[in-house]
Amino acid sequence: MNTATATRRSFLGAGGSLVIGFALGGRALAQQGAAPAGPSAPAGGAAVAKSVALDEVDGFLAIGADGKVTLFSGKVDLGTGVRTALSQMAAEELDVPVERITFVQGDTALTPDQGPTYGSLSIQVGGIQIRQAAATARRQLLETAAQRLGVPASELVVEDGTVRRRSGGNGVTYGELIGDRSFSLKVDKDITTKDPANFRIVGQSVPRLDIPEKTTGRFTYMHDFKVDGMLHGRVVRPPALQAELREVDESSVRGIPGFVKLVREGNFLGVIAQSEWGAIRAARELKVTWSDWQGLPEQSRLWEHVRATKVVKDDVTSNVGDAKAALGGGARRLSASYDFAIHTHGSLGPSCAVAEIRDGKLTCWTASQMTHNLRKQIAAMMRMPEEQVRCIYLEGSGCYGRNGHEDAAGDAALLSRAMDGRPVRVQWMREDEHGWDPKGPPTLIDLRAALDAQGNIVAWESEFFIPQGAAGNVALVPAELAGLPHEEAMAPGNIIQNSALPYTVPNIHTVCHRLESTLFKPSWIRTPGRMQNTYANECFLDELAAAAGADPLDFRLRHLKDERGAELLRRLAVLSRWERRPSPQRNASGNIVKGRGVSYVKYELNRTYVGVVAEVEVNRDSGEIRATRFSVVHDCGQVINPDGVRNQVEGNVLHTLSRTLKEELTWDGSMVTSLDWGSYPVITFPEVPVIDIDLLDRPGEKPWGAGEPAAAVIPSAVSNAVFDATGIRLRSIPFTPPRVKAAMRQAT
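Taking this note's numbering, I'd label the letters of the sequence shown as residues 191 to 938.
Some hints could be false.
As the list claims (entries may be wrong) - Calculated cross-link-like contacts (lysine-lysine; reagent style BS3-like; alpha-carbon spacing at most 27 Å):
{"no.": "1", "residue 1": "Lys711", "residue 2": "Lys566"}
{"no.": "2", "residue 1": "Lys751", "residue 2": "Lys514"}
{"no.": "3", "residue 1": "Lys711", "residue 2": "Lys852"}
{"no.": "4", "residue 1": "Lys711", "residue 2": "Lys503"}
{"no.": "5", "residue 1": "Lys404", "residue 2": "Lys416"}
{"no.": "6", "residue 1": "Lys477", "residue 2": "Lys451"}
{"no.": "7", "residue 1": "Lys416", "residue 2": "Lys451"}
{"no.": "8", "residue 1": "Lys892", "residue 2": "Lys751"}
{"no.": "9", "residue 1": "Lys503", "residue 2": "Lys514"}
{"no.": "10", "residue 1": "Lys376", "residue 2": "Lys892"}
{"no.": "11", "residue 1": "Lys551", "residue 2": "Lys416"}
{"no.": "12", "residue 1": "Lys566", "residue 2": "Lys551"}
{"no.": "13", "residue 1": "Lys384", "residue 2": "Lys892"}
{"no.": "14", "residue 1": "Lys500", "residue 2": "Lys514"}
{"no.": "15", "residue 1": "Lys852", "residue 2": "Lys784"}
{"no.": "16", "residue 1": "Lys566", "residue 2": "Lys416"}
{"no.": "17", "residue 1": "Lys852", "residue 2": "Lys931"}
{"no.": "18", "residue 1": "Lys892", "residue 2": "Lys379"}
{"no.": "19", "residue 1": "Lys551", "residue 2": "Lys451"}
No wet-lab data here; the hints were simulated from the structure.
Use the sequences and the hints to build the structure in full.
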């Protein structure tokens with residue numbers, strides 16, 4: 191079925207011959223239609239029986255007769271290096287080289303459902319599950335070897351997958367002990383895993399396993415994936431979010447070479463062609479009549495709209511003492527409002543998927559970071575039993591949240607059904623991605639606080655205006671347009687986190703007002719809520735430090751009772767060569783002024799610690815902000831791959847700097863208008879700052895996530911640095927030159 195070349199490794203990628211517990215070998219599997227597809231492109235069709243249970247060792251790993259290990263992960267690598275880190279964790283517990291591990295990810299027929307890949311939980315949750323499964327397997331292998339070698343298991347050691355007596359002599363390999371057979375063993379969640387003092391692989395900067403294929407062009411991205419007989423589809427979107435389809439003139443596209451079919455289901459309208467260019471032409475040239483719809487509020491009145499939206503519930507996230515009474519008794523009272531714009535994911539490559547239906551079973555190849563959830567959504571939309579749907583992950587364009595990948599998969603499924611199951615590839619266009627992916631919702635924050643005569647915070651109140659809903663599925667666009675079953679609840683992410691403070695304040699009340707509706711379909715986008723909430727809290731804390739005439743970093747230490755966080759801030763002062771003084775700096779002159787700002791977060795108040803100092807230059811004439819350097823101290827507990835964590839921190843800084851300085855969704859009365867890179871600009875290579883990183887590795891601690899936490903502190907650090915340089919406080923993301931100049935004019 192698939193056009194990729196058959197290799198031994200690719201059979202493993204498809205769930206083939208060296209996987210224990212499989213009812214069929216690779217040859218039989220291929221005969222059933224699941225031909226190998228390469229390590230990055232597992233094939234679909236009839237999946238062999240394999241445990242995907244979270245509580246079974248066979249759900250996570252298998253060992254072949256040659257001793258090679260196949261690792262099955264429900265968590266997927268979005269380009270962040272998780273594949274390498276998870277392989278390291280398994281290799282460490284099994285005492286095998288990383289190179290001996292084949293990684294199968296996000297295939298609902300082969301991998302356990304470990305939850306979506308989000309929330310910086312791949313290592314913290316998914317990695318721990320894999321570590322426990324590998325440790326359980328190792329113990330069983332040692333016990334089996336002890337019986338074969340006639341010695342107690344305590345007298346055995348493992349070297350590169352071979353079990354030997356401590357005294358030396360011949361050993362027995364994992365392949366000889368269990369190759370191609372099932373463990374049939376429950377994962378021991380209480381098992382004692384390897385002592386970090388004996389780590390040889392974890393804690394080392396093992397080279398990324400995916401990079402060689404990517405740098406040589408051999409890697410199969412979602413956008414490269416092909417299936418024999420595949421057709422190409424495009425969806426014709428309404429010109430307004432809630433417009434209805436009135437008329438379609440199919441004769442307008444019948445003359446296009448390779449045109450195959452027009453598909454209409456409710457307001458879902460698609461075209462199918464033999465070639466991708468034919469599908470593009472058909473989508474562009476099809477004559478369609480839609481109803482008018484003008485239901486969006488004016489962009490200039492966004493925050494009025496947010497304040498006027500009905501509150502459906504309040505989440506009180508901290509309540510200590512009597513904040514309201516203490517506010518009236520402070521020596522000095524301050525208040526401020528902060529807001530954070532609506533963002534799109536802006537994935538560099540528009541979403542893509544391939545779907546086919548064969549023998550009543552649907553297979554979908556997708557870049558979704560939540561294939562197990564997507565499987566449920568597609569099954570509901572198609573009115574199929576869930577067990578008849580298989581979703582297979584292929585790495586696509588990064589999204590760090592829920593962009594259009596799932597919707598493209600739904601598009602492909604509907605178009606394949608219209609073609610009696612033939613495989614259909616759907617490639618979104620740029621205007622589809624920017625216009626129709628779900629958005630990071632707008633956030634509005636009101637803050638009030640009081641200082642005593644000594645400059646200490648005695649009271650703090652804050653109100654966050656955010657959408658209702660929690661982390662979960664986001665309704666599929668094709669299901670909504672076609673009037674098919676779909677979710678109704680909003681899912682902007684767990685966005686109340688970090689609304690409470692990591693600092694000790696005697697009187698504090700923080701509340702999140704959950705709004706009945708929001709302008710655009712919301713979804714989680716990197717560091718959802720934690721970024722917006724930390725931005726407001728850390729900027730306002732800086733305002734209090736300035737009012738108290740205190741050094742911003744010392745002011746944080748004064749109110750921080752967490753010694754681990756305090757250690758991090760002290761190291762940050764050293765790394766950044768922090769000059770202790772109040773902000774703003776005095777006597778700044780010239781057109782280009784420089785400043786530095788600090789920010790701190792304990793992620794969700796229970797895991798990864800991050801401190802950052804941003805250094806910026808502000809052009810007073812143009813209003814342009816240039817970030818020149820970020821100093822970051824990062825403590826995520828046990829570090830699995832130091833280079834991988836540094837990659838993550840750098841990515842967080844750059845991605846969030848772009849969101850802080852440039853990114854903002856625009857719209858008119860009916861639709862998103864920022865549909866290209868000209869209207870939705872992002873950071874460019876010449877704007878990349880120097881990034882200094884100090885990793886606090888704690889091998890004896892639990893490993894926490896690094897995919898999101900560093901992003902939480904970037905907007906506030908930049909705002910605080912601009913204040914230090916200019917004395918101007920920026921409270922509206924993004925900090926564009928017009929906004930900077932307007933703030934300067936208002937201050938004069």
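### Task
Mind checking the alpha carbons of lysine 500 and lysine 514 for me, to see if they're no more than 27 Å apart?
Holds, because 24 Å separates the two Cα atoms, which is no more than 27 Å.
### Message
Check whether the Cα positions of lysine 384 and lysine 892 lie no farther apart than 27 Å.
### Response
13 Å, holds
### Query
Hey, lysine 416 versus lysine 451, does the alpha-carbon distance stay inside 27 Å?
20 Å, holds
### Query
Does lysine 751 lie within 27 Å of lysine 892 when you go C-alpha to C-alpha?
21 Å, holds
### Query
Does the structure keep lysine 751 and lysine 514 at a Cα separation of 27 Å or less?
Answer holds: lysine 751 to lysine 514 is near 23 Å, not above 27 Å.
### Task
Given the hint that lysine 711 pairs with lysine 852, test it: the Cα-Cα distance must not exceed 27 Å.
22 Å, holds
### Message
Would the hint linking lysine 477 and lysine 451 be met if the CA-CA limit is 27 Å?
### Response
15 Å, holds
### Task
For the pair we were handed, lysine 404 and lysine 416, check the Cα-Cα distance against 27 Å.
18 Å, holds
### Query
Given the hint that lysine 852 pairs with lysine 931, does the C-alpha gap stay at or below 27 Å?
15 Å, holds
### Task
With a cut-off of 27 Å on the C-alpha distance, tell me whether lysine 852 and lysine 784 pass.
Distance of about 20 Å is within 27 Å: holds.
### Message
Run the distance test for lysine 551 versus lysine 451: straight-line Cα separation, threshold 27 Å.
### Response
Holds, at about 22 Å.
#### Entry: Holds or violated: lysine 711 to lysine 566, with C-alpha atoms at most 27 Å apart
20 Å, holds
When each numbered hint is compared with the structure, no violation occurs for any of them.
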